[in-house]
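There are 2 protein chains.
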Amino acid sequence: MNLIILEPEDFVAEDRVRLVDRRLVHARKHLKAAPGDRLRVGLLDDRVGEAEVLRIDREALELRVALNADPPPASSLTLAVALPRPATLEKVLQQGTALGIKRFCLFHCRRVEKSYWDASALAPAALRRQLLLGLEQSCDTHLPTIELHRRFLPFAEDRLASARTQGPVLVGDPLGATPCPLGLSGSATVVLGPEGGFIDYERERFAALGDALISLGPRILRVETAAVALLARLAQLPS
Amino acid sequence: MNLIILEPEDFVAEDRVRLVDRRLVHARKHLKAAPGDRLRVGLLDDRVGEAEVLRIDREALELRVALNADPPPASSLTLAVALPRPATLEKVLQQGTALGIKRFCLFHCRRVEKSYWDASALAPAALRRQLLLGLEQSCDTHLPTIELHRRFLPFAEDRLASARTQGPVLVGDPLGATPCPLGLSGSATVVLGPEGGFIDYERERFAALGDALISLGPRILRVETAAVALLARLAQLPS
Chain A
3 MNLIILEPED
13 FVAEDRVRLV
23 DRRLVHARKH
33 LKAAPGDRLR
43 VGLLDDRVGE
53 AEVLRIDREA
63 LELRVALNAD
73 PPPASSLTLA
83 VALPRPATLE
93 KVLQQGTALG
103 IKRFCLFHCR
113 RVEKSYWDAS
123 ALAPAALRRQ
133 LLLGLEQSCD
143 THLPTIELHR
153 RFLPFAEDRL
163 ASARTQGPVL
173 VGDPLGATPC
183 PLGLSGSATV
193 VLGPEGGFID
203 YERERFAALG
213 DALISLGPRI
223 LRVETAAVAL
233 LARLAQLPS
Chain B
3 MNLIILEPED
13 FVAEDRVRLV
23 DRRLVHARKH
33 LKAAPGDRLR
43 VGLLDDRVGE
53 AEVLRIDREA
63 LELRVALNAD
73 PPPASSLTLA
83 VALPRPATLE
93 KVLQQGTALG
103 IKRFCLFHCR
113 RVEKSYWDAS
123 ALAPAALRRQ
133 LLLGLEQSCD
143 THLPTIELHR
153 RFLPFAEDRL
163 ASARTQGPVL
173 VGDPLGATPC
183 PLGLSGSATV
193 VLGPEGGFID
203 YERERFAALG
213 DALISLGPRI
223 LRVETAAVAL
233 LARLAQLPS
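Chains A and B are the protein sequences, given in the same order.
Per the numbering used here, numbering through the first sequence is continuous, rising by one, with the last residue being 241.
Per the numbering used here, numbering through the second sequence is continuous, rising by one, with the last residue being 241.
Hint data in this document are derived by calculation from the structure and do not stem from the laboratory.
Please read these numbers as outputs of a predicted model, since none were measured by experiment.
Any given hint could be a false lead.
Treat identical chains as interchangeable: a pair holds within one or across any two.
[Stated by the list, open to error] Listed next, the in silico DSSO-like pairs over lysine-lysine satisfying Cα-Cα at most 30 Å (straight line):
#, residue 1, residue 2
1, K116, K104
2, K31, K116
3, K34, K116
The following block holds chain A by itself, in its conformation from the complex (with noise of 0.2 Å):
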């Protein structure tokens, strides 16, 4: 946690928060934190600062907070990924939140096993945890939107059809035949396939609407591995 998050109902006067949860326990155990300490904190959804430690004990973490500078920028890239079972989805989440990653889409398709889409990791609760534990680890504030699409042509066809209105649609495929891309400037929807690959069918049906398959290499890479890699390569980095 290199920020605390901060939401309105902890807001006890206008530059004042009362801790009470897991960021107090944080805060006296991890950052052992003191009276007069000076600690990072986040509005969610809003600026970034510091904040004055006014009181720390078992009970709650009260502070004086000055919110006065912005997140960091957001990636222009909308991560698409296939269903991955609950620990794999979890990696994604928060790193591609650490990473900038506004829009999560999950899709299904033929290789995504159908339990996945009961399990307790789809909940809201649980997918916001994730996505504020990569906020809390990058410093930014802004919470990334998840959408579910439980069938693959709608998806595919329907759902990319106003992506590819907004910039290419690029498809993580080790078979595919041209070399990812470097720094992309603009938007741009990232696909990325289950453990095993898409089938023949559904790289044809990308291919028929104009995307592109776009491959890291020949080696095989976990889910987890190739979405931080096409992200980073095709980052466009603040200079």
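Put chain B on the given structure of chain A with help from the hints.
What follows is chain B alone, placed relative to chain A:
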């Protein structure tokens, strides 16, 4: 396990192996292999190919092996990482190996907890297991090497001196002034600090030695995320 890695002692005849360990378990439980099936195999530090299942039961997996292809090309990057905690070390080694890294250096610096050097994850068998998992994932056979450098200055000055004659030493640092380059050709060494980053003294040592401090932007990333992101961005993909 996308590739079953064979070792010389597995061979019971010139083209036949007999496996009784976790590779047997994997073939039965995950691949649900049956006699006549063809599996992807590779010989450690050697070629890859296919094998026909001759026998599979609780006791043994017997394969007829034909090795007729080269594993994927190696990365020309060396990855040096400040020794992280064991769980992070495993991720960095597995993912780095899957991305084709053949040389890892683990080094000490100020924010590395000294106790990490006594972790069982550093035992040769434990390190080797992580490397094998990375090779199995990416269908590679060439085992990377891992160097351990328990003192910062000899590593930064002496060990990296020889690396500097082979190509640039790029130090990943959120405070770095140079955005991480894209698609390097030729050899280079990527140096990554611990959680919490390098201290100013260390940063100054690298700069004084002529190394570039490169940044992925203002976001603070976990070591395993930063490692994959830097390697992916710097990689020269086979075209």
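The hints, checked one at a time:
1. With identical chains, the CA atoms of K116 and K104 are at most 30 Å apart within one copy only, with a shortest distance of 26 Å there and 38 Å across copies.
2. For the homomeric pair K31 and K116, the shortest alpha-carbon distance between copies (20 Å) is at most 30 Å, but the shortest distance inside one copy (40 Å) is not.
3. Only between protomers do K34 and K116 lie at most 30 Å apart by alpha-carbon distance; the minimum there is 20 Å, versus 45 Å within a single protomer.
Of the numbered hints listed earlier, not one is contradicted by the structure.
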